[in-house]
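A.B. asks: Below are the chains, spelled out letter by letter.
2 protein chains.
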Amino acid sequence: MIEIVEVGPRDGLQNEKRTLTPEQRFEFIKHLSASGLKRIEVGAFVSPKWVPQMEGSLQLVTEIYRRRDEFAKTVQFSALVPNVKGMLDALTTPLKEVAIFGACTESFSKKNINCTIAESFERFEQVIAMARKHKRKVRAYLSVAFGCPYEGAVPEKRVIDLILKLAKLGVHEISIGDTIGVATPKQVRSLLKKLKSRLPLTKVAMHFHDTRGTALANVLASLEAGVEVFDSSFGGLGGCPYAKGASGNLATDDLVYMLEGMGLKTGVDLNKLLSYSARMQEEIGHKLPSRTAEAGVPRLVT
Amino acid sequence: MIEIVEVGPRDGLQNEKRTLTPEQRFEFIKHLSASGLKRIEVGAFVSPKWVPQMEGSLQLVTEIYRRRDEFAKTVQFSALVPNVKGMLDALTTPLKEVAIFGACTESFSKKNINCTIAESFERFEQVIAMARKHKRKVRAYLSVAFGCPYEGAVPEKRVIDLILKLAKLGVHEISIGDTIGVATPKQVRSLLKKLKSRLPLTKVAMHFHDTRGTALANVLASLEAGVEVFDSSFGGLGGCPYAKGASGNLATDDLVYMLEGMGLKTGVDLNKLLSYSARMQEEIGHKLPSRTAEAGVPRLVT
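First to last, the protein sequences are chains A and B.
For the first sequence, the numbering used here gives the first residue as 1, with consecutive numbering after it.
For the second sequence, the numbering used here gives the first residue as 1, with consecutive numbering after it.
There could be a bad hint or two in this list.
Note: identical chains are not told apart, hence a pair may lie in one copy or across any two.
In silico BS3-like cross-links for lysine-lysine, where the CA-CA straight-line distance does not exceed 27 Å [stated by the list, open to error]:
{"#": "1", "residue 1": "Lys272", "residue 2": "Lys186"}
{"#": "2", "residue 1": "Lys73", "residue 2": "Lys244"}
{"#": "3", "residue 1": "Lys186", "residue 2": "Lys38"}
{"#": "4", "residue 1": "Lys135", "residue 2": "Lys194"}
{"#": "5", "residue 1": "Lys157", "residue 2": "Lys265"}
{"#": "6", "residue 1": "Lys203", "residue 2": "Lys186"}
{"#": "7", "residue 1": "Lys272", "residue 2": "Lys244"}
{"#": "8", "residue 1": "Lys30", "residue 2": "Lys73"}
{"#": "9", "residue 1": "Lys272", "residue 2": "Lys196"}
{"#": "10", "residue 1": "Lys168", "residue 2": "Lys73"}
{"#": "11", "residue 1": "Lys272", "residue 2": "Lys168"}
{"#": "12", "residue 1": "Lys49", "residue 2": "Lys196"}
{"#": "13", "residue 1": "Lys203", "residue 2": "Lys244"}
{"#": "14", "residue 1": "Lys186", "residue 2": "Lys135"}
{"#": "15", "residue 1": "Lys244", "residue 2": "Lys111"}
{"#": "16", "residue 1": "Lys265", "residue 2": "Lys186"}
Derived by calculation from the structure, the hints in this document are not laboratory data.
Nothing here was measured: the structure is a model prediction, and the numbers come from that model.
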């Protein structure tokens, strides 16, 4: 069984131009749950001044738990918390998992979360201490692990050090992100091979972008290395903020197509999942970049 | 060194709605050659009644050899010949390689080349005999090897038998096609593993479509099995005739991006290659499906 962490409602939607209402997002998440996705990141406790697309995340999460019986019993929700203030919001909800977000380069950290890497780790410690006290799990995103839009190539050693540092802080999972979609399988293999001797890969999720078509090849390289958790976004929602018109997040549809085609169970009903594509395209106002959403599921795959 | 067989001017353009003039195709092929592509399929000797997009292929090939010094010395051209009539045309040119086209299912064979598989092999024998007499190499395409739009799943044993039968006829290379873009790496690995003990994989090229985003993952699986020749189409030209709006041929741009990023030399200058994307989009009248054409080459890849 491969775990898919569906990041469309958060990472996907927060990079879309059009803002969906909390009601629209609620319906979307309900559909994702009904399609068999087991882990869904539903929102971010951030200021709507910074990320208007995530406005009403607290209201949304509260509503999800108020109507919890409308979702699959087995589905788990999480939300992004950038700081103590966000964590305080999260603690007013029954959310069992929160996520923190860091970067592998100073430039990306400053531009994206407005602090140095060292400062971000101070925030992480505070958030993790609060989470531990209240028995919430913490997932960590480590972005630009394979390349940075500002600094270019990123030293592998630094990436490994940051992963190990995050693991030491006590997060249950580190999602290693190819934020600008530049990774190739060689890089992925090399990183995971070196990491493997220092950290059990059960602690690792891979977060690929399909900006240059390599996402599923990188998934394959990761599977071969032993990774069993992958992030993806419904329909490839989100695009790439660093290349206008380009694809961003790996589409959940494409990921499920490949995994199921390889006999790896995801629990996702692909036809059911795709039945929401037309509605989402209308809501966000453009075609989704997913390949499978366009082509459909062939009859031969069961 | 990995060999790329550029099929954009033939397989790509013949599946585009808009027909390019032989002059436009000449300029396109010149650009492909200048970008470092070493093997280019430039046209098809078929009736323009059946494939209007390939009209003027004889004129085009003749012009290419008349102005041979405008192309890289090392580039090799080929053209599709469906039958004896096409082969007679090819023999009026200095083309050193021709290609024949067969299928793994009776339905696809009948709908695509208007004969049974057995009849297609009779044609192949005639064409190959003529080619041998005139010292031309023959490449064979074997389509719908991983799934058929009419018959669904295709038995692996039949695919292997057809490959071996083609090899026995004396073709120098068999291009195994995932014509509708349904293959996953598991299928690819399984086929190549079984094939390997019967035929040197130097005789094999893989021809993937990116209809469900799996093309580069399938390339990776093929590389791991030992394949060193891949077909692709500039910008992903061609689309998928079996799913409206969906992607077809793997884009050469994406293939080169991944291979070069893995340290595998292709001889192709990716920035140079992409410099023609805007012009091609104008000529064919729509956006190219290539991911890399949209996102561009990041600075970190050298």
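A.B. asks: Each hint: holds or not?
C.D. replies: These are the hints, each one checked on the structure:
Taking identical chains as interchangeable, the C-alpha atoms of Lys272 and Lys186 lie at most 27 Å apart only when they sit on different chains, with a minimum of 24 Å there against 34 Å within one chain. In this homomeric assembly, Lys73 and Lys244 never come within 27 Å of each other (Cα to Cα): the closest approach is 39 Å inside a single copy and 38 Å across copies. Taking the closest pair of Cα atoms, Lys186 and Lys38 come within 27 Å of each other only across two copies (24 Å); inside a single copy the shortest separation is 30 Å, beyond that limit. In this homomeric assembly, Lys135 and Lys194 never come within 27 Å of each other (Cα to Cα): the closest approach is 31 Å inside a single copy and 51 Å across copies.
For the homomeric pair Lys157 and Lys265, the shortest alpha-carbon distance between copies (26 Å) is at most 27 Å, but the shortest distance inside one copy (33 Å) is not. In this assembly of identical chains, Lys203 and Lys186 lie within 27 Å of each other by CA distance both inside one copy and across copies; the values are 21 Å within and 25 Å between. In the homo-oligomer, the alpha carbons of Lys272 and Lys244 lie at most 27 Å apart only across protomers (20 Å), although the nearest pairing inside one protomer, at 30 Å, exceeds that limit. Taking identical chains as interchangeable, the C-alpha atoms of Lys30 and Lys73 lie at most 27 Å apart only when both belong to the same chain, with a minimum of 12 Å there against 60 Å between chains.
In this assembly of identical chains, the alpha carbons of Lys272 and Lys196 never lie at most 27 Å apart, being 36 Å within a copy and 38 Å across copies at closest. Proximity of Lys168 and Lys73 under a CA criterion of 27 Å is satisfied in neither setting, with 31 Å inside one chain copy and 58 Å between copies. Within a single copy, Lys272 and Lys168 get their C-alpha atoms no closer than 40 Å, and across copies no closer than 46 Å, so neither meets the 27 Å cut-off. Taking the closest pair of Cα atoms, Lys49 and Lys196 never come within 27 Å of each other, the shortest separation being 40 Å inside a single copy and 59 Å across copies.
In this assembly of identical chains, Lys203 and Lys244 lie within 27 Å of each other by CA distance neither inside one copy nor across copies; the values are 33 Å within and 41 Å between. Taking the closest pair of Cα atoms, Lys186 and Lys135 never come within 27 Å of each other, the shortest separation being 38 Å inside a single copy and 40 Å across copies. For the identical chains of this complex, Lys244 and Lys111 are intra-copy neighbours only, at 18 Å inside a copy versus 40 Å across copies, given an alpha-carbon limit of 27 Å. Taking CA atoms no more than 27 Å apart as the test, Lys265 paired with Lys186 passes in both settings, with 26 Å inside one copy and 14 Å between copies.
The structure is inconsistent with the numbered hints 2, 4, 9, 10, 11, 12, 13 and 14, although it conforms to all the rest.
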